[in-house]
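S.K.: Using the sequences plus the hints, can you model the full thing?
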Amino acid sequence: TNENFKGLLREFLPKGQSFNSLTEKELVHYIEAINERPRRLHHYKTAKFLFGLAQTS
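The sequence shown lines up with residues 1 to 57 when you count with full-length UniProt numbering.
Hints listed in this document are in silico derivations from the structure and should not be mistaken for laboratory results.
None of the values given here were measured: they were computed from a predicted structure.
Don't take every hint at face value.
[To be verified] Okay, derived cross-link-like pairs now, SDA-like style, lysine to any residue, Cα gap no bigger than 20 Å in a straight line:
hint	residue 1	residue 2
1	LYS45	LYS25
2	LYS48	ALA33
3	LYS6	SER57
4	LYS48	ASN20
5	LYS25	ARG39
6	LYS48	LEU8
M.R.: Below you can see the structure in the form of structure tokens.
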């Protein structure tokens with residue numbers, strides 16, 4: 001969900017820091033780090049891995 005993603009993004013950016021101050025390069029870096037993170041929900045597979053599987057199916 002959106003709230004969950006924002007929580008993950010807050011691990012990189014402290015609460016109170018505006019997302020508006022980010023450069024596109026910084027935001028892409030943070031999003032890639034989140035997508036490459038194993039998640040219990042996905043049986044410890046990454047979102048990036050599962051997206052790749054969906055693309056090949």
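S.K.: Which earlier hints can't be squared with this structure?
M.R.: 1, 3, 4 and 5
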